[in-house]
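Student: Add chain B to chain A, keeping to what the hints say.
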Amino acid sequence: AQSVTQLGSHVSVSEGALVLLRCNYSSSVPPYLFWYVQYPNQGLQLLLKYTSAATLVKGINGFEAEFKKSETSFHLTKPSAHMSDAAEYFCAVETGANNLFFGTGTRLTVIP
Amino acid sequence: NAGVTQTPKFQVLKTGQSMTLQCAQDMNHEYMSWYRQDPGMGLRLIHYSVGAGITDQGEVPNGYNVSRSTTEDFPLRLLSAAPSQTSVYFCASSYDRDSLSSYNSPLHFGNGTRLTVT
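Chains A and B supply the protein sequences, listed in that same order.
Everything in the first sequence is counted per the working numbering, starting at 779 for the first residue and increasing by one.
Everything in the second sequence is counted per the working numbering, starting at 66 for the first residue and increasing by one.
Just chain A, same shape as in the assembly (with noise of 0.2 Å):
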């Protein structure tokens, strides 16, 4: 079965600092990987996705993330956080047509 494993439910980081958000991942097919974000009282917006054309991922506002076969890992980097990158993030596993595992999500608070 594939699932994801988001260590650290709360991260926070100084405005400006280097943000990593740890995923890892367990599949017994080459995964399909997803972060998404949510921000307060709304529903879950795409932020990128990994279907193996490339290890390094790009996505929306700044994140990137690596896909690292070795480690089973997707974690989630951004070089200087900013005031409104605060929100939860989730790691995500695609299980089935469509159909995605969750990670627990990781809280992200960027402190001033």
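The hints are simulated quantities; they were obtained by calculation from the structure and are not laboratory data.
Take every hint as true, because none was put in to throw you off.
Not everything, but these chain A residues come out facing chain B in the computed CB check (under 8 Å):
no.	residue
1	Phe868
2	Leu878
3	Thr882
Derived SDA-like pairs: lysine to any residue, alpha-carbon spacing no greater than 20 Å straight-line:
no.	chain 1	residue 1	chain 2	residue 2
4	A	Lys847	A	Thr783
5	B	Lys74	A	Pro818
6	B	Lys74	A	Asn819
7	A	Lys836	B	Pro171
8	B	Lys74	A	Tyr817
9	A	Lys846	A	Thr783
10	B	Lys74	A	Gln816
11	B	Lys74	A	Gln820
12	B	Lys74	A	Gln823
Don't be surprised by glycine CBs; every beta carbon is placed ideally from N, CA and C.
Tutor: Okay, now just chain B, sitting in the frame of chain A:
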């Protein structure tokens, strides 16, 4: 375009009551799904549909029914609400019925329905 519209935004039910959560999309998407979001558990798939007249169970289907009589609508029914169904419910849709790996096929989410069962 309105995208994915969920109604109501908030609902309080008593144990044993029934209700229907509405979901409509105006993007002619084949695929639609329902997730519930609980603290510390992420989102879990309840039911999904790959087209009108076709539905299937997800990870946590018990206590919920769905139907897909039109492409646009995908209502979620709670026949006898229980406190364990207190959650935030999200409807999502996608153009491609086969895979989210398609470039033009992200999953579009509604803004959620917050349900409390007392």
